[in-house]
Amino acid sequence: MNRIKQLAINEEGFVFDPLTGDSFTVNQTGLFILQKLKEGKETEQIVKELTEEFEVSQEEAERDLIDFVEKLRSYRLL
Amino acid sequence: MKKIYQKPVITKLQTGFMNKFGSSPLYARKVRTDIDGVPISELVEKFGSPLFVISEKQLREKYRQIYSAFTNRYPNVQFGWSYKTNYLKAVCAVLHQEGAIAEVVSEFEYEKARNMGIEGKDIIFNGPHKTINALKRAALEGAKIHIDHFDEITDLEHIADEIGKQIKVAIRINMDTGIHPQWDRFGFNLETGQALDAVKRIASGGKLVLNGLHCHIGTFILEPEAYGKEVEKMVKFAYEIEDNFGFKIEYLDIGGGFPSKNRLKGTYLPPDVAVPPVEEFAEKITDSLYSNLRPGDFPKLILETGRAIVDEAGYLITTVFASKRLPDGRKAYIADAGVNLLFTAFWYKFNIEIDREVQGSNEPSVIYGPLCMNIDIIDEGTMLPPLKRGTRLIFSPVGAYNNTQWMQFIEYRPNVVMVMEDQTVEIIREKEDLSDIERRERLPDRLKIK
Numbered sequence: 036m037n038r039i040k041q042l043a044i045n046e047e048g049f050v051f052d053p054l055t056g057d058s059f060t061v062n063q064t065g066l067f068i069l070q071k072l073k074e075g076k077e078t079e080q081i082v083k084e085l086t087e088e089f090e091v092s093q094e095e096a097e098r099d100l101i102d103f104v105e106k107l108r109s110y111r112l113l
Numbered sequence: 240m241k242k243i244y245q246k247p248v249i250t251k252l253q254t255g256f257m258n259k260f261g262s263s264p265l266y267a268r269k270v271r272t273d274i275d276g277v278p279i280s281e282l283v284e285k286f287g288s289p290l291f292v293i294s295e296k297q298l299r300e301k302y303r304q305i306y307s308a309f310t311n312r313y314p315n316v317q318f319g320w321s322y323k324t325n326y327l328k329a330v331c332a333v334l335h336q337e338g339a340i341a342e343v344v345s346e347f348e349y350e351k352a353r354n355m356g357i358e359g360k361d362i363i364f365n366g367p368h369k370t371i372n373a374l375k376r377a378a379l380e381g382a383k384i385h386i387d388h389f390d391e392i393t394d395l396e397h398i399a400d401e402i403g404k405q406i407k408v409a410i411r412i413n414m415d416t417g418i419h420p421q422w423d424r425f426g427f428n429l430e431t432g433q434a435l436d437a438v439k440r441i442a443s444g445g446k447l448v449l450n451g452l453h454c455h456i457g458t459f460i461l462e463p464e465a466y467g468k469e470v471e472k473m474v475k476f477a478y479e480i481e482d483n484f485g486f487k488i489e490y491l492d493i494g495g496g497f498p499s500k501n502r503l504k505g506t507y508l509p510p511d512v513a514v515p516p517v518e519e520f521a522e523k524i525t526d527s528l529y530s531n532l533r534p535g536d537f538p539k540l541i542l543e544t545g546r547a548i549v550d551e552a553g554y555l556i557t558t559v560f561a562s563k564r565l566p567d568g569r570k571a572y573i574a575d576a577g578v579n580l581l582f583t584a585f586w587y588k589f590n591i592e593i594d595r596e597v598q599g600s601n602e603p604s605v606i607y608g609p610l611c612m613n614i615d616i617i618d619e620g621t622m623l624p625p626l627k628r629g630t631r632l633i634f635s636p637v638g639a640y641n642n643t644q645w646m647q648f649i650e651y652r653p654n655v656v657m658v659m660e661d662q663t664v665e666i667i668r669e670k671e672d673l674s675d676i677e678r679r680e681r682l683p684d685r686l687k688i689k
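The listed protein sequences derive, respectively, from chains L and F.
So in my numbering, the last spot in the first sequence is 113, and the numbers never skip.
So in my numbering, the last spot in the second sequence is 689, and the numbers never skip.
Extracted from the complex, chain L is given alone in its bound form:
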């Protein structure tokens, strides 16, 4: 079950998890990735969109996405 879909995310980067009651903040890039994950997009697609939206290389975007997803796992959001 993709719990990301249950999250309440506002445009300022405030994230609420209705299951646990936990709140989070994300920065602009984090928010961008969360929205893509919520839409059910795959890693490759998200990396592509990151490089289109931001001034970042594919290598760095890919590395950071892996790290961000691991961080979401540690918060049990994935």
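For the record, the hints were derived by calculation from the structure and aren't laboratory data.
Each residue gets a CB set at the ideal place from its N, CA and C atoms; glycine is no exception.
With a straight-line cut-off of 30 Å between C-alpha atoms, the simulated DSSO-like cross-links for lysine-lysine are:
(1) F:Lys627 x L:Lys83
(2) F:Lys627 x L:Lys76
(3) F:Lys446 x F:Lys375
(4) F:Lys242 x L:Lys83
(5) L:Lys71 x F:Lys241
Only some residues are given here: those of chain L computed to face chain F with a beta carbon under 10 Å:
(6) Glu87
(7) Val91
(8) Asp99
(9) Leu100
Model the placement of chain F on the given structure of chain L, informed by the hints.
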């Protein structure tokens, strides 16, 4: 037009908790782009990473500050440079130029001081393991020998017989100064009467002349009053010896143990708050001297301050080699230097500076070294923004004990440079290569791989 990229960060909001990182709010971070005006990037480009950097300017300034704190208050002061704290030749040379004599604690260090050109009379010889050869050399060269135990008294008496003259000596004593832990393994204990027994033993032998007392109450002492107590007890004991045995105690060596602006693990307050200024120590020590010395008597006051002089003059530049995410969500960085070079990381939490401005909010991070050892951790919990590979982290203060206690384990030891007062940079210890490590090895013929 694409947007500016920041590494993605998500942070859990917690309410009702104290900020356990005290001085590091979410966005506070320290940036260092140079050491004494020499850019970090230039240093690494020329001399590699990791890189130890010692500032000549800061070394001299610190020495002068501490020395004048004492000479402004007492007329007869001598500093002995504690070799074990950092015995790189360039460091010793700077401090000898400033006027320090040498304080050594082993045969190796004695040889090192002599090799530097320091005369025997300007060497204080401490330590529990002075070989017969070393003791004999020290006796012949007129070094200040500080006796640690009864066996050493016997050794020195044999040497006195052999060289046919009396030897001047001091004894090391230990005592209760109200601090914990009390160092009682070095020298003779005062309160139990052991120190007095040592004096009696020396007097009855007739071959040694007692002319000094030495004590060293501990390390990283944050309580100036402890030194006041130490001095009071030493002066009283000195007069007891002079009045009853006819020896003249010419000097009191009160040791070292003064703290630097470093942060002992488990200390909540930052060093600027927790560590008293050196003037406070000097005030307590000289107050105690004047309260207890007889009028007109000014025995030489010797100090062996090591850490307080050199620690803050030393930096280690390292490079973020890789990063990973730990199962508990913390960010982990692997630096190219670890406890192999920063032995003091076991006790101290260093100041960490980044060589550039980094976007993104801080998150709990761990900094590991390059060793295949679980204990290779430079900092187990600090707040850092997301760092790219290749970012330089500058650790300080690391001038004390690391260049003497570092270990050669699976990695070479790097260059050590000194930024000179005129902002030129000199290599003061060249980085190692395989030949340094294998030079003393012998491979039996029959084991050679054909």
